[in-house]
Amino acid sequence: MSSKKSSDQSGSSTYSSDRRSLLKIFGAIGATCAYPFQSEELYGQTAPPEHHHDPAPPQSEAPRFFNQADFALISRIADLIIPDTDAPGAIGAGVPAYIDMVIARNLAQQAIVADGLRWIDAEAIRIGEKKFLELGEEQQIAILEPLCAASEIRSGAPWGRNVQFFAIMKSLTADGYYTSRIGLVEELGYKGNTALASFEGCVPEH
Amino acid sequence: MKASSDKVYDVVVVGSGAGGGTLSAHLASQGADVLVLEGGPKVNTRTDFNTHGMPYEFPLRQIPTMKPGKPGFDGERSRGLGGKTQLWNAVALRFSERDFKGRVHDGAGEDWPFGYAEMKPYYDQIERQVGVCGNLDHLEDLPDGIFLPPVPLKCTDKAIQDGARTIGINVIHVRKATLSRPMNARPACHFCGNCMSGCDVVAKYNSYDVHMIPALQTGRLTLQQNSIVYELAISDEARVNEVRYFDRETRAQGAAKGRVVVVACACAQSVALLLMSKSSRFPDGLGNSSGELGKNFIPHITGGFEAFLTDFIGKPGTNDEGFLDHAYIPSFMHERKRDYARSFGIQFNYQNRRSVGWARSMKGMGKSYKDSIKARYPAYITLTGYHEMIPNPESYIDLNYEQLDEYGLPRARRHWRLGESDRKLFDDMRTHCRAILEASKAEILSAEYAPSTNHEVGGCRMGVDPKTSVVNEFCRSHDIPNLYVVDASVFPSSSEKNPTLTIMALAARTADHISDRLKKGEV
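Chains as they are written, first to last, in the working numbering: chain A, 1 to 206; chain B, 1 to 523.
Because the hints were derived from the structure by calculation, they are not lab data. Computed from a predicted structure; not experimentally measured. Keep in mind that a hint or two might mislead.
What the hints assert, rightly or not - Here are a few chain A residues that sit away from chain B, every Cβ distance over 12 Å (derived from the structure):
| hint | residue |
| --- | --- |
| 1 | A62 |
| 2 | P63 |
| 3 | T85 |
| 4 | Y98 |
| 5 | L117 |
| 6 | A122 |
| 7 | I127 |
| 8 | E152 |
| 9 | M169 |
| 10 | E200 |
What the hints assert, rightly or not - Facing chain A, from chain B, some residues (calculated, C-beta under 10 Å):
| hint | residue |
| --- | --- |
| 11 | C155 |
| 12 | Y230 |
| 13 | G322 |
| 14 | F332 |
| 15 | R336 |
| 16 | D428 |
| 17 | T431 |
| 18 | H432 |
| 19 | A435 |
A virtual CB, placed ideally from N, CA and C, is assigned to each residue, including glycine.
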């Protein structure tokens, strides 16, 4: 936990502020520094230390928090945020199970997400007279895009609950995807964590 | 092994990090009989850290510091052997004469009781022991040292170096206590990029492997881990006569005796231990007749940016994690007109490419969103300024008796507020960071607009006047003749430079002083 930040440029904290502790909070997911747009209360990334040694979940585990219908709904939303391209997208990378696991641990986000899913279906019925999953892709995107745009406005009035819902879904999808082997290695081409005989530095390409 | 409670050591040292590890090794090599009490568990650097973990190996995608079943580094009072040097980034910078004499130069804050000339031989000694890579840059404000060859800059470093040059700002090779070639049976760095996850080959310095293990072989250093010190008790003659601790696991109590006692628990924890050690003679904390204990807390103030270097957007990815940051921007404002005291330095390009947390902050959704992240992945950099702050009455450390820790001890609580000069400095630092990024054709993704803290310094100020300082110029308590404090808590001013090399040099200097007093029979 870093020293608390506040707009009056002061703070108090009972925790060490060394950079390592920041790293620990953001873990593999966050940047090496705490940035304002990745605050933990928004995204629920901070795992209590007692969870650190959890064994890896079995691959075929059933959803813990979402029922089957809601799991299908969050899977579709994650798929629309990060679709298949040359590399598999969110579903291929197992992101829905990651979202389920994080939400199962985060009481504050559960209600927002549950409300968001109800709203999504209500909105789908309002504009297309069908549930969200039964709409065509264009209509599904048309429902999500205004929330996505609103979630990019970082100043002014607080976000509405549906925007908070979308922001949670987008963050968890991005986190789950880019920390997966598919996202990090296959899609982004991560090459590090290897032993080099020497660091060559910047060798001109010729 | 538990220390025999009857035995009186020459020196009892509390803590095994940059301060305690260095000091205890120096004392043992000089012939003193030394006991080190470390609150954390024994740590095997080579086997106990998750050094090479990948996020997808863990369900929450966070890489735990320690391997399963290996305790340590899970709280302030139970870090482990080597303290924060196990997990530091190893930036090793000498303070300059101006850093020791800031008040002389700009009239604010407090000076050290001595200057660079006094510290230079100790910096030399420490650099020879630990191995620091760097370039000879001949800068007045960042003295050169005894360096191993520097590590080449990354392409992204060169882009920032070229950009910064256009606005008259100098980018140099970073100086780190990480080996660029083998030394003393330690291998050279292999650039896996996991420096802050515990360097399992000890190419990066840590105090346990580099300083303490050789000292243990002298037979004069006794190491007792899992011993959380909660009180220093004093005799009628106002000398520390017992170092009281309990076992981290069993909670069994014990006490150790030393002719000299050194507190080296890392800044706020050292202050907390002294504040907890209340007695009728020192009701406000041990050695606190000045009332200054806990005051003058001056952590580094930081603010960071995330950005994309546009020249690298869409380029093929490379393995450029290296040993995190390879470059550094030393302070330059001392040379320029300004309306505040002190200065700042900038660290950049220290991100690990396993961390893609910034993906959440990218705009849009769908294929264009995914493609924009892929294109920017090789172009992503971090850049963070660090500045010195001037002590003020609202920045201090105290104890929080309402929030006891897992051991029932009060937590150290940090309070800080920037003064007017500090706020101007913070704003100017941010302006320059942004200017450097813009000159480097960077697209800024996010910026911290509120200051945060890093590198804890102060709270146990060193000085010649017992009314305004807690320890004297040899880090010895003004009140208690056999009590020393050796960590960044004693720094009268912080500089903008990372404190660890100076902690080590100060520990070497203090060890010489204590050895000398022991030999003369003064303690």
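### Task
Check each numbered hint against the structure and report the violated ones by number, ascending.
3, 4, 8, 9, 10, 12, 14, 15, 16, 17, 18 and 19
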